[in-house]
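S.K.: The residues making up each chain are set out below.
4 protein chains.
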Amino acid sequence: MKIAYLGLGIMGSGMVGNLLQAGHSVTVWNRTPDRCTPLVEKGATQANTPAQAVANAEIVMYCLSNEEAIADTVFGEDGILSGVHQGQIAIDMSTVHPNTSRREAVAYAEKGVEFIDAPVFGSKNESATGGLWIVVGGKKEVFEKVKPILEPLSETIHYMGETGMGATMKLVGNAVVISQIEALGEAMILAKKAGLNPQDVLDVLHVTDFKSPIFDGMGSTLVKRDFSTSFALKWLLKDANLIAQLAQDNNSPIPAIALARETVKAAVNHGWGEENASAAIKALELQAGIEIK
Amino acid sequence: MKIAYLGLGIMGSGMVGNLLQAGHSVTVWNRTPDRCTPLVEKGATQANTPAQAVANAEIVMYCLSNEEAIADTVFGEDGILSGVHQGQIAIDMSTVHPNTSRREAVAYAEKGVEFIDAPVFGSKNESATGGLWIVVGGKKEVFEKVKPILEPLSETIHYMGETGMGATMKLVGNAVVISQIEALGEAMILAKKAGLNPQDVLDVLHVTDFKSPIFDGMGSTLVKRDFSTSFALKWLLKDANLIAQLAQDNNSPIPAIALARETVKAAVNHGWGEENASAAIKALELQAGIEIK
Amino acid sequence: MKIAYLGLGIMGSGMVGNLLQAGHSVTVWNRTPDRCTPLVEKGATQANTPAQAVANAEIVMYCLSNEEAIADTVFGEDGILSGVHQGQIAIDMSTVHPNTSRREAVAYAEKGVEFIDAPVFGSKNESATGGLWIVVGGKKEVFEKVKPILEPLSETIHYMGETGMGATMKLVGNAVVISQIEALGEAMILAKKAGLNPQDVLDVLHVTDFKSPIFDGMGSTLVKRDFSTSFALKWLLKDANLIAQLAQDNNSPIPAIALARETVKAAVNHGWGEENASAAIKALELQAGIEIK
Amino acid sequence: MKIAYLGLGIMGSGMVGNLLQAGHSVTVWNRTPDRCTPLVEKGATQANTPAQAVANAEIVMYCLSNEEAIADTVFGEDGILSGVHQGQIAIDMSTVHPNTSRREAVAYAEKGVEFIDAPVFGSKNESATGGLWIVVGGKKEVFEKVKPILEPLSETIHYMGETGMGATMKLVGNAVVISQIEALGEAMILAKKAGLNPQDVLDVLHVTDFKSPIFDGMGSTLVKRDFSTSFALKWLLKDANLIAQLAQDNNSPIPAIALARETVKAAVNHGWGEENASAAIKALELQAGIEIK
Chain D
1 MKIAYLGLGI MGSGMVGNLL QAGHSVTVWN RTPDRCTPLV EKGATQANTP AQAVANAEIV
61 MYCLSNEEAI ADTVFGEDGI LSGVHQGQIA IDMSTVHPNT SRREAVAYAE KGVEFIDAPV
121 FGSKNESATG GLWIVVGGKK EVFEKVKPIL EPLSETIHYM GETGMGATMK LVGNAVVISQ
181 IEALGEAMIL AKKAGLNPQD VLDVLHVTDF KSPIFDGMGS TLVKRDFSTS FALKWLLKDA
241 NLIAQLAQDN NSPIPAIALA RETVKAAVNH GWGEENASAA IKALELQAGI EIK
Chain P
1 MKIAYLGLGI MGSGMVGNLL QAGHSVTVWN RTPDRCTPLV EKGATQANTP AQAVANAEIV
61 MYCLSNEEAI ADTVFGEDGI LSGVHQGQIA IDMSTVHPNT SRREAVAYAE KGVEFIDAPV
121 FGSKNESATG GLWIVVGGKK EVFEKVKPIL EPLSETIHYM GETGMGATMK LVGNAVVISQ
181 IEALGEAMIL AKKAGLNPQD VLDVLHVTDF KSPIFDGMGS TLVKRDFSTS FALKWLLKDA
241 NLIAQLAQDN NSPIPAIALA RETVKAAVNH GWGEENASAA IKALELQAGI EIK
Chain C
1 MKIAYLGLGI MGSGMVGNLL QAGHSVTVWN RTPDRCTPLV EKGATQANTP AQAVANAEIV
61 MYCLSNEEAI ADTVFGEDGI LSGVHQGQIA IDMSTVHPNT SRREAVAYAE KGVEFIDAPV
121 FGSKNESATG GLWIVVGGKK EVFEKVKPIL EPLSETIHYM GETGMGATMK LVGNAVVISQ
181 IEALGEAMIL AKKAGLNPQD VLDVLHVTDF KSPIFDGMGS TLVKRDFSTS FALKWLLKDA
241 NLIAQLAQDN NSPIPAIALA RETVKAAVNH GWGEENASAA IKALELQAGI EIK
Chain R
1 MKIAYLGLGI MGSGMVGNLL QAGHSVTVWN RTPDRCTPLV EKGATQANTP AQAVANAEIV
61 MYCLSNEEAI ADTVFGEDGI LSGVHQGQIA IDMSTVHPNT SRREAVAYAE KGVEFIDAPV
121 FGSKNESATG GLWIVVGGKK EVFEKVKPIL EPLSETIHYM GETGMGATMK LVGNAVVISQ
181 IEALGEAMIL AKKAGLNPQD VLDVLHVTDF KSPIFDGMGS TLVKRDFSTS FALKWLLKDA
241 NLIAQLAQDN NSPIPAIALA RETVKAAVNH GWGEENASAA IKALELQAGI EIK
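Protein chains in written order, with UniProt numbering: chain D, 1 to 293; chain P, 1 to 293; chain C, 1 to 293; chain R, 1 to 293.
Careful: at least some of the hints might be erroneous.
Subject to a maximum C-alpha distance of 27 Å in a straight line, what follows is the list of computed DSS-like cross-link-like pairs (lysine-lysine) [stated by the list, open to error]:
{"#": "1", "chain 1": "D", "residue 1": "K234", "chain 2": "D", "residue 2": "K224"}
{"#": "2", "chain 1": "P", "residue 1": "K238", "chain 2": "R", "residue 2": "K224"}
{"#": "3", "chain 1": "C", "residue 1": "K139", "chain 2": "C", "residue 2": "K2"}
{"#": "4", "chain 1": "C", "residue 1": "K124", "chain 2": "D", "residue 2": "K238"}
{"#": "5", "chain 1": "P", "residue 1": "K140", "chain 2": "P", "residue 2": "K42"}
{"#": "6", "chain 1": "C", "residue 1": "K234", "chain 2": "C", "residue 2": "K139"}
{"#": "7", "chain 1": "D", "residue 1": "K293", "chain 2": "D", "residue 2": "K211"}
{"#": "8", "chain 1": "C", "residue 1": "K140", "chain 2": "C", "residue 2": "K42"}
{"#": "9", "chain 1": "D", "residue 1": "K147", "chain 2": "P", "residue 2": "K224"}
{"#": "10", "chain 1": "C", "residue 1": "K293", "chain 2": "R", "residue 2": "K293"}
{"#": "11", "chain 1": "C", "residue 1": "K147", "chain 2": "R", "residue 2": "K140"}
{"#": "12", "chain 1": "D", "residue 1": "K211", "chain 2": "P", "residue 2": "K42"}
{"#": "13", "chain 1": "P", "residue 1": "K238", "chain 2": "D", "residue 2": "K111"}
{"#": "14", "chain 1": "C", "residue 1": "K293", "chain 2": "R", "residue 2": "K211"}
{"#": "15", "chain 1": "R", "residue 1": "K111", "chain 2": "C", "residue 2": "K211"}
{"#": "16", "chain 1": "D", "residue 1": "K139", "chain 2": "P", "residue 2": "K238"}
{"#": "17", "chain 1": "R", "residue 1": "K211", "chain 2": "C", "residue 2": "K234"}
{"#": "18", "chain 1": "R", "residue 1": "K42", "chain 2": "C", "residue 2": "K211"}
{"#": "19", "chain 1": "P", "residue 1": "K140", "chain 2": "D", "residue 2": "K211"}
{"#": "20", "chain 1": "D", "residue 1": "K224", "chain 2": "D", "residue 2": "K147"}
{"#": "21", "chain 1": "P", "residue 1": "K211", "chain 2": "D", "residue 2": "K238"}
{"#": "22", "chain 1": "C", "residue 1": "K140", "chain 2": "R", "residue 2": "K293"}
{"#": "23", "chain 1": "R", "residue 1": "K111", "chain 2": "R", "residue 2": "K124"}
{"#": "24", "chain 1": "D", "residue 1": "K124", "chain 2": "P", "residue 2": "K139"}
{"#": "25", "chain 1": "R", "residue 1": "K224", "chain 2": "C", "residue 2": "K238"}
{"#": "26", "chain 1": "P", "residue 1": "K293", "chain 2": "D", "residue 2": "K293"}
Going by beta-carbon spacing under 10 Å, a handful of chain R positions derived as facing chain P [unchecked claim]:
{"#": "27", "residue": "A194"}
{"#": "28", "residue": "G195"}
{"#": "29", "residue": "N197"}
{"#": "30", "residue": "Q199"}
{"#": "31", "residue": "L202"}
{"#": "32", "residue": "H206"}
{"#": "33", "residue": "V207"}
{"#": "34", "residue": "K211"}
{"#": "35", "residue": "K224"}
{"#": "36", "residue": "N250"}
{"#": "37", "residue": "L259"}
{"#": "38", "residue": "T263"}
Quick caveat, the hints were computed from the structure, so don't treat them as lab data. Each residue gets a CB set at the ideal place from its N, CA and C atoms; glycine is no exception.
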């Protein structure tokens, strides 16, 4: 298939690698063009604008960092919408508010373009190895058409319902992630203050029936004090803010998730936004006056 | 080995079954004696008092429901301490405050009895099938002596450090459990209000890198509206209260865990204490005005 | 002075009454025109559109319910901006995000119109009796010009700084209000459950050094179970949402205020948005399973 | 009247001064005896033990720092209970759990001594000037007997009900205080981050209908960065812990109050326990990365 892929961050770059390997013809675009180079070397074609990238594609895919990037790259000058034409299918893999997905669907429909929202769980590793978990909203029959393209990128694909339901599921999932980070941080601080060895605690958390892979991954960054990024804290805050907005829109009380957002906010405020998401816990450490190590 | 086992709730009964199957000679005692019957049928001997139960044992084990039960059964009239003698080893598998473990250790030492605290993670199923996760505090050499007895009961055994560190680890772990329940509840309510199907959401949570067996188990009780007990909410509140006390003792801030305790408290207050721990989420549903199903 | 006043809710109607009494010539406009009638009877002139209302005014004042009303009445078709002209001064008394004030200031400046944001604390009574507390942002010299107009409406007027600082102060103040309501509710529920008589508790709160008029007012609605509106809960939620946005914009952690927002959200979700703001406490009562009375 | 007064902290010393001035004959005792000296100079008699202090008194009053001090001074060796005799009246003005009051009442009754719990609101100033707010639990007729003694110490005296209801009211009141400190801190930090001048904000809070004397007092310590003690943070934490216990006993959900306790805990953990209660806000400042000044 002829695929246009826009947005080559950690997530996008991994996905394009897997699309190429699956034999697709991929045209790429990125705001900072040099991120295209390694993919061009693997066989991708580089476009100069979003509009140019999508002109000859059958499928238009993108994973952009936030609502502003959607506004520019999809709706802006020389944006995707100015280049698409009837019969194409657009797939937004970004983490955005479901209302953004809905606005996109309407705008694409006016051009005769089908649309699904298909954000992904997973970060650097899962993206590189085709192990993402994709959640999809949109018309079922459109989803069925693009499913074969998504399969090499992912371990599972869940169809969640109409347009925006993929985006909604992504935010709900990340609400759990934020809660888990807060829980891990509070529990590890309590453990350390009460005399336990942090690595021993992680070893226990690794085996119980409330274990979670995220505790292994995040926990390890804490005891090693290595907050190098696989998923940056600033994006966790972005997601936390979208979750808060979604809960506001639906009048849904989320007290503990709201509280965890405040921790993330505090950590970003301290300048740790470019570090790994687990750096949120450094804000808890600061308040507790200890480091987990 | 000659083992005395006191306290035959869901947890104790399962463990005694596995001790008998491992070939040990087990004397049992329970406050309400009729819970002894099924175990006597499997070969256990029934004692009339804690003191009597432990008189001829090499190893004294117990899993009691709370601090009051420890006060009665260990320290009370005809209690364990009045029956023990030099050379025995006592193993407290209850979930108690580490200071209780420390008081027990001192009292046993005065009788020449060794002591370890060895509370367990897992509930009905894990107890019955020998799949518990045991966390141990006490002298390392004492732990090594009793390890072979604990092995048939458990999937893993972690040695955490000196007396009280097993109890501490148990509370830290349950702090994570409480947070997970709160997170699951808030996220599922948000999901439902935002238009997702609850079972679909559970299916997604089942596969991602923030998945946790607890979400499967607790989530299932929500969508099936089946809150029959494998671990009663009242015990979760008991644990939440012990966690709050531990955090108070250590001046350790636990904002989100503290908040989750309030939810558990509200649910018990509504009379759901005998239901499964996931019934905590019914307090969140009440406030949100919906049911997750 | 010739004054145009737009928006005749509880707040606006009270203020116009006082402007008329102070001898000003007031032209009024309201989305639902019949709210103009009582003021026309007192001497006001009624306009058919915002643009018409402001055409001949020296001062343009308005107190609108939310951001959407600002979008329509200020920026919309036949809106204020389409009717203003050089030399006028516009005063926005609504509770809005400071960025909205800033956008207004820019838009007015393009028309040669000066602007201050001057939201008010107080509700029905204070508006009717000229006892509001006004907080002002904008150029100091513009403020000084309009101060005599604001004085008959208010007990105090505080100048807070540049454009948007009045709006910011209003949100900060209402953050305290929301916290006070949450505190009152939790404390009264605890008091009742612990055996105290709610009215006796209010009597004590009335005299101590942590007393606050809001406890008298809100507390009285609880024990009398009279939630008739002086300030509707839905507006408190609107404000809570603006506060959350302001805190998000400034990366300012507000854990307890965020938590109180969730309570307000739950109460509005239960359909109590048209009741008095103290109805937020009914969401706490619901979770606690009691009524404070 | 012949009065014994035990416990000469900031609160007790002030009260004894006023009792002397009212013409009573006062025997004093304090754990560290040198605190008696200034009162002896004003006419008090110094006793060497609690038992000695109360031997000849008609009324026994005390304001002790915590439960441990009650255990020692009331129930301990040479404690009050070992010195009292039939016909006396004991008045506990300490802030304790109502169950402590109830235990005291029972113990005194066995000696033929009447008892009321009569804790006080107010701190250094109110104690010195006889401006306390006293809340009383116990038999109404006993309260009526001692009321004339309490009057010179206080601005108001509220009778709250049976034994323990004074203690309960005190904790409920301090729950409001803790919430107010948290609210003030979060709001002031938000204000500063959003561009407002902290003193200007305090000036506004001083006039509105949600004003509270506590905002003036605590707010002033913030902008002046003067955390010298009138009521020490460590006592606020003690009270927060008692409040948490009371809420636990009554299954009463107190989410925001619980959260505020975590802030107090963090601040004490940082070593600020001997500073003024408003130093709790320094924990919030730490997390926000700014100082309010």
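S.K.: If a hint holds in the structure, say so; if it doesn't, say that too.
M.R.: Hint by hint, here is what the structure shows:
1. D:K234 x D:K224: holds, 21 Å
2. P:K238 x R:K224: Distance of about 44 Å is beyond 27 Å: violated.
3. C:K139 x C:K2: holds, 21 Å
4. C:K124 x D:K238: Distance ~39 Å between K124 of chain C and K238 of chain D Cα, so the pair is violated.
5. P:K140 x P:K42: violated, 33 Å
6. C:K234 x C:K139: Given that 27 Å is the threshold and the Cα spacing comes to 32 Å, the pair is violated.
7. D:K293 x D:K211: Since the Cα atoms of K293 of chain D and K211 of chain D sit roughly 20 Å apart, the hinted pair holds (cutoff 27 Å).
8. C:K140 x C:K42: violated, 33 Å
9. D:K147 x P:K224: Roughly 31 Å separates the two Cα atoms, so the pair is violated.
10. C:K293 x R:K293: Answer violated: K293 of chain C to K293 of chain R is near 42 Å, above 27 Å.
11. C:K147 x R:K140: violated, 56 Å
12. D:K211 x P:K42: violated, 34 Å
13. P:K238 x D:K111: Cα-Cα ~60 Å, so violated.
14. C:K293 x R:K211: Between K293 of chain C and K211 of chain R the Cα gap is close to 25 Å, so the pair holds against 27 Å.
15. R:K111 x C:K211: violated, 39 Å
16. D:K139 x P:K238: Cα-Cα ~48 Å, so violated.
17. R:K211 x C:K234: Given that 27 Å is the threshold and the Cα spacing comes to 22 Å, the pair holds.
18. R:K42 x C:K211: This hinted pair is violated, its Cα atoms lying about 34 Å apart.
19. P:K140 x D:K211: At roughly 26 Å apart (the allowed maximum being 27 Å), K211 of chain D and K140 of chain P satisfy the hint.
20. D:K224 x D:K147: Distance of about 39 Å is beyond 27 Å: violated.
21. P:K211 x D:K238: holds, 22 Å
22. C:K140 x R:K293: holds, 23 Å
23. R:K111 x R:K124: The hint is violated at about 34 Å.
24. D:K124 x P:K139: The hint is violated at about 43 Å.
25. R:K224 x C:K238: Violated - the C-alpha atoms of K238 of chain C and K224 of chain R are around 34 Å apart, more than 27 Å.
26. P:K293 x D:K293: Between K293 of chain P and K293 of chain D the Cα gap is close to 42 Å, so the pair fails against 27 Å, i.e. violated.
27. A194: At 23 Å from the nearest chain P Cβ, A194 of chain R fails the 10 Å test, so the hint is violated.
28. G195: Violated, because the Cβ-Cβ distance from G195 of chain R to chain P comes to roughly 27 Å (cut-off 10 Å).
29. N197: N197 of chain R check fails; min Cβ-Cβ to chain P is 29 Å, beyond 10 Å.
30. Q199: Since chain P brings no Cβ nearer than about 29 Å to Q199 of chain R, farther than 10 Å, the hint is violated.
31. L202: With a minimum Cβ separation of about 26 Å from chain P (threshold 10 Å), the hint on L202 of chain R is violated.
32. H206: violated, 30 Å
33. V207: Check failed: Cβ of V207 of chain R comes no nearer than 32 Å to chain P, outside 10 Å.
34. K211: violated, 28 Å
35. K224: violated, 26 Å
36. N250: holds, 9 Å
37. L259: Constraint on L259 of chain R satisfied, holds at 5 Å.
38. T263: holds, 7 Å
In terms of the numbered hints stated before, the structure departs from hints 2, 4, 5, 6, 8, 9, 10, 11, 12, 13, 15, 16, 18, 20, 23, 24, 25, 26, 27, 28, 29, 30, 31, 32, 33, 34, 35, listed from lowest to highest.
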